[in-house]
Structure formats: C-alpha cells, structure tokens
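Protein sequence lines, in the order shown, are assigned to chains A and B.
First residue of the first sequence? That's 1 in the numbering used here, and the numbers climb one at a time after it.
First residue of the second sequence? That's 1 in the numbering used here, and the numbers climb one at a time after it.
Hints listed in this document are in silico derivations from the structure and should not be mistaken for laboratory results.
For each residue, glycine too, the CB sits at the ideal point set by N, CA and C.
Heads up, a few of these hints could be off.
For the chain A half of the interface with chain B, some residues (derived, Cβ under 10 angstroms), not all of them [as the list claims (entries may be wrong)]:
id: 1; residue: T98
id: 2; residue: F121
id: 3; residue: A276
id: 4; residue: A277
id: 5; residue: P388
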Amino acid sequence: MTRASDERDSARPRDAAALARRLAWLSAALIGLALAGLILLRTSGAARGPGGPGPVAAPAPDPARARPTPATGDAALPPAVERYLANTVYPPGSGRLTTEHADLIEPNARYEDFRPIPETFSMDADEVVQVRLTTDRYFYTGDHEVRLALALRLGERPIPALGIQAHATREGRAGPEGDPVALEFRPEGDDYLAVLDTARFADHLGPIVVDARIEYAPDRFHDEQLRFYSTPEGRIPARFTGGVSDALESGSLRVDLGIDVDQPGFYRIDANLFDAAGRPIAFSSWKGDLERSDRVVSVGFFGRILHDAALAGPYRVGNVRGYRFLDGQYPDREPMPDLPGLHATRSFPLDAFSDAAYTSAHKENMVRLLLEDAARGLTLDQPPLAAPAGTTSAGAASTAEPGDASRPAPPGAPELMRGTR
Amino acid sequence: MRNGRRLVRHVAWLAITIAAFWGGAAMAGVGGDDAGTCVNACGGYGAGNNGNSCYCDASCTSYGDCCADYQPVCNANTGCSPNSGSRYILHVGGMCSQGWNTTLASKAGYTSIDVKAVQTNHSGLSDASHTLGLYLDQCCTGSNLCYVINYSGGDAVMGHRFANSGTNWNVNWVGTSAGAGGGSALSGNFLADIFGPCDYSGHLGRSEVRNAYNHNDTNGETVYHIGGYDGWWYTSWLLPGEDDGAVAYHSAGAVSAVTSTSSLCTTPKWTNHHAAWTCTGYDLDHYGMKTKFIQNMGW
C-alpha cells in the first residue's frame, strides 16, 4: 500500500517540474542518439578475427568473425556498456581455469567439515563436541559402494561414539519414499565407517538421505543427516565412448567427444583443459539437445582464453562430465558416468588462437538495448565493485550508500564472538 | 564445579532453542511452511508437500486456493509482455518462500516483478528454477531488458537456471543479497529446520548446493553480491567466519572455497561473481539483508 501510494504521489502533475523533465529527457535522447552514432562509426572498422573483416550486418555468432560490437576502452561508451563488454570477453559457460577453481578442478567434491553439536555449547572450545558425517563424493552414477565416514571429537581430540543408529532412505518430491535401509557403522581408526551399496536403491534416481542418531555422551544424542545423489544403471541417459579428437576451428580449439545417447534430451557437458605439465588453462561447457543418432558432442575452448593463458600445447582434456537436464521434473538431473583420465590434443602454435573477444547476436542485442536505454535517458545503474581497504573500487558509483567500512574490527576476537554485534 | 558448568550449558542451550524458534519465526515471515507447487501439477492438486493444500486447476481462482505459482506455471502469465521493449526488475525470494512477497524495487522506466517461485519442498530448487525460467523467457528476451535481484536461496535458484539453460537472456546484471549459493552449514540439522520451517531448508547444505549446478556458468551474466555480519549469536557459533545468522561470508561473497572469512572480497570467487560496495558487509542480519541491494541502488 505504501509503495502504491508513493507512486501515485510522484505522478501528480507539477507543470514546471514536468516540463523540465521533458526537456531533460529530450536532451538526453538527442545526446544518446548522437553517442550511438559515434560508437557505430568508431567501431565499424574495429579489428576482426583471423577471418578478416566481415560484413557488418552478418549475424554470425562465430567468434572468429568479429561483429561491430563496441570495444572495451572506448571512452565514448557509457560505463554500463563498458562493463558489460569487459565481462563478456569470453563466451558464456567458459573461462580461464586456475588452481583456485577448486570446484572445477575437483568436481563432485564434498564440503562437510566438523561442526559443533549445539547442545554442547561452551565458550571453551575444548569442551565442545563436534561431529562430521561425510562420504567421498556427491553424485554416484551406476552401482557403487558408498563409504560413509562419521567422526566425533571433543575440541581437537577424537572421542568414541557410545552408539550410532543409522539408516538410508530414498527421497522424492514430497519426502522419504520406501523402506529405510539400516546402516552399521564400525570403528576404523578414529572414524566410524559404514558401507552402502547403491544397488539397494536400484529403482531410485535422486537423493538418498542418511540419518544417523549418535550417542556422544551417556544418554545424550545428536541427529546428523547427509544426502548424496544416486543414479541407477537403468537411468544413465548417455555414456562417453572414450573417443576424443580435436581440431582448430576459427581460432578456437574444438574437442570432439564420442557419445552414445540412450535418452534424447537437453544435455550439459563440461570439460577442463590443462597444459602438458598439468597446469589448468580453461573450462568450457556445451549445452543443447542430443538425439539418439548423435555420436559426437563438441566442447569448444575459446581462442581468446588460450591466447590469454599463453600456455603452449599439446593440451590435456580432463574432468569430462555431463548430465541430461529434465527441466521441471524432480529430480531434474540424470548424470552420465564421467569420462576418466586426461586426453592429449595435438599441438598448435599459440598464435593460432584468436585474441578476438567473444561476439554473438545476443551480445550485440544486449549492447544495442543498453545504448537505447542510454539514449532514452534511462539510468543504467550498476553497483560499484567492492575493493579491500587501501585499493580503489572499480565501477561507477551509484546513488547507493557506501559500505560499512568503519565498523570496529575485533582483531583476535574469538570466532564465537564474531557476528554477535 | 562440574554441576555448575552443566547448568550453564543447559541455560545456554535453552536460550539457543528459544532464540532459534524466535529467529525462525522471523525467517519464516517471507514464506513459511511447505507449500504446494503447480510445477508438473497443472489441472489438479498442487505437488510437493503441499502443506497449504493449494490447487492448480481452473477453479482455484474462484475458490481462492491456487498455489502461488499457478499463474506463471499453468497460465504462462508472468505479468511481463514478451518482446515489447519493456524493462523489468525480477525479484527472486529466499528459501521457504513462495515469492519475494515484500517491498519491490521502484525504478523509473522499469516494472518490478515478484517471481512466484515456490522454494519450500524437497524439490524447491528444481521447481523454483523451472518457474524462474518461465519468467526469464517472457520478461527478458527480444527487445526486453532485465535486472534480477536475488535474496538468500534465490541465489541458488538463479544459478541453477543459468547453468541449465541454453537461452541467453537479456539480463544486464544480477544483484544478490545474502546469497545461499555456497550453501550453509546450518542446513541438514535441526537448527535449519527451525530457521526455515520447510523441507527445502534441509537442502541448502554446502555439498548439495555446490554440486547442484556449475557456479562458474552464469550464462554470461555478471552477479554482484552483498552480505551482512549481524549474525545471531546462537547460529554464528555454528557458522564459519563472518555471517548474518543464516549464511556465512564464503556463501554471501561467492567464494569458491568453503572458508572461514570476514571479508566478502575473499578470493577465489566463482567466475563472473563479484562483491559490491563493501568487502566488510553490513550490520544486518539475514532477514535485514533482504532489501539491502534495492536500497543501495536507490530503487
């Protein structure tokens, strides 16, 4: 109600203000139109990809055929367009891969750590009982033995569990389904291990929930839960055949992966590229429809990424993985078995890879829309990038308030006290 | 001495429990209990746990018992005009919600849209992502242009949609407040159930969310993140580093590693994700962070 009322108030006719607004709008529109014309003039002769200058109006998404998309660094561009262009130098779903991309270097990892049992709350960390229940991956595709590990510790010291009752259950859209499967945890070193054969859930695609009731002190119990995702053999939608080949295409590296499609549909395929020494270079993906008749799916590693990485080939293709996406269903993913190992490509000279920025019909349309908005006088607000103290924040300031940089930092404050302000 | 320590512990635990219930009620204010969804249920009774007994048939409008996502999912009615040169700001709410359901952005020349994506069931991420896709297809293609504002679980919903679509939408950028895309250590235990009294709250564990989609594929869009540090003491105790009571900074700051950090600028981040305005964050709890991005933009 408040917002609607405010809108009505702001829409009341105020002749002078309205006239001023109209004049400002008209001026902005004229300036914007002139600006757009200037940009088109300045960029129509911009450097193109290895394919040489192409027709200005050709709507080809081919990265090697650069389109008259304005280039970054053009002082005449509105900051919003400048930033948009800077953020879209590489194609969607791809980029530089570094050792810091832990989730890409090690896909399908788990992230559980020890966490406190709330009922043992204490200011003295040595009195807090912590628990960790985990396994070695999130997705299990086909028949596997899932090794579940449970550990307790008091402070940093491992302690025994007085009892563990656990079971695994299928989970569907509305919750648990079917009978639970009992699990037996046995001591192994400082941990307790239980093994669960996913064949016990041969008819189930999706999450399996492990519930464990742990007696961590006499008559004191804690409930811990863990989920993993199981894909039975019968629901594997496609498999990589193991065939891998490569080609240089329009200044980019194309990797062809052999595939045997059992279930047609929309797929996502991911892969990483490393150099011969194992240094990560790029990640990329392919998304689209696959038919049973398809034998190859191609993942492209964009030339500009390889150019920027400046690491010579031959390369290694690894972490090849994929799934069929079932939009609107639950669960909505049918994973494929990963393609194991690394696969060598041929060697290409670095200058074979194009340094042209990514272009596409969509990117052109986005720039056109943003320039239109600038010409219409619509503000192209964007948040300024945050920067650590002592550095300069990038990006245009907006009408926003500054960050709360002056809050008292509690050096050395115990973790418990952080966030209690 | 030992009995005294035990008494302190019991009192503290009682406080934790009471405070958690109180905090949970506040969190639930944006949505609440499990709610039905029309995803895969048009023409009948709502799918999911459907604790609100909602319907997806034509007569639900006259009975007033339609599921929140009935119009977009069953009638393709998102409130947007496709390819009309329109400018939209989409709002995607958080876990246990059926929409944004509170103050929307007000920006001259733009129309704000409350994305009615149900995130309350075990299937919350899949359902909400599908519904968001319907909005993006109508609102953000052709001659239309969008901004997207996410909150909490909406971060994961948007990321899931980005990673699983072949469509490039006309989204200038995405703003995320208190994003749960990195998952929360609170999920999966009973405190998470108290925080967000819906089944979906148990699905925001770090392993689940981080494996739910490729966080480095934003479909070419840039995602800006802000976070709060006014965590409630009873949950801050359970979360690593700085936090707002529900998500820690590794999640709110889109840090690709699960790490204890007091800076939203901690790297490495997922590709195309950036901290905005401040590395130190805001003196707000998770609930207070909801509209912070909109406020910062002056919308």
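*May I ask you to test the interface hint for A277 (chain A) with respect to chain B, counting a Cβ-Cβ separation under 10 angstroms as satisfied?*
With a minimum Cβ separation of about 21 angstroms from chain B (threshold 10 angstroms), the hint on A277 (chain A) is violated.
_Interface restraint verdict for F121 (chain A) against chain B (beta-carbon cut-off 10 angstroms)_ = 5 angstroms, holds
Minimum Cβ distance from A276 (chain A) to chain B below 10 angstroms? 24 angstroms, violated
| said: Given P388 (chain A) as an interface hint, is its Cβ closer than 10 angstroms to any Cβ of chain B? | reply: 5 angstroms, holds
| Taking the least C-beta to C-beta distance, is T98 (chain A) closer than 10 angstroms to chain B? | Since the shortest Cβ distance to chain B is 7 angstroms, the answer is holds.
Going through the hint list in order, the structure does not satisfy hints 3, 4.
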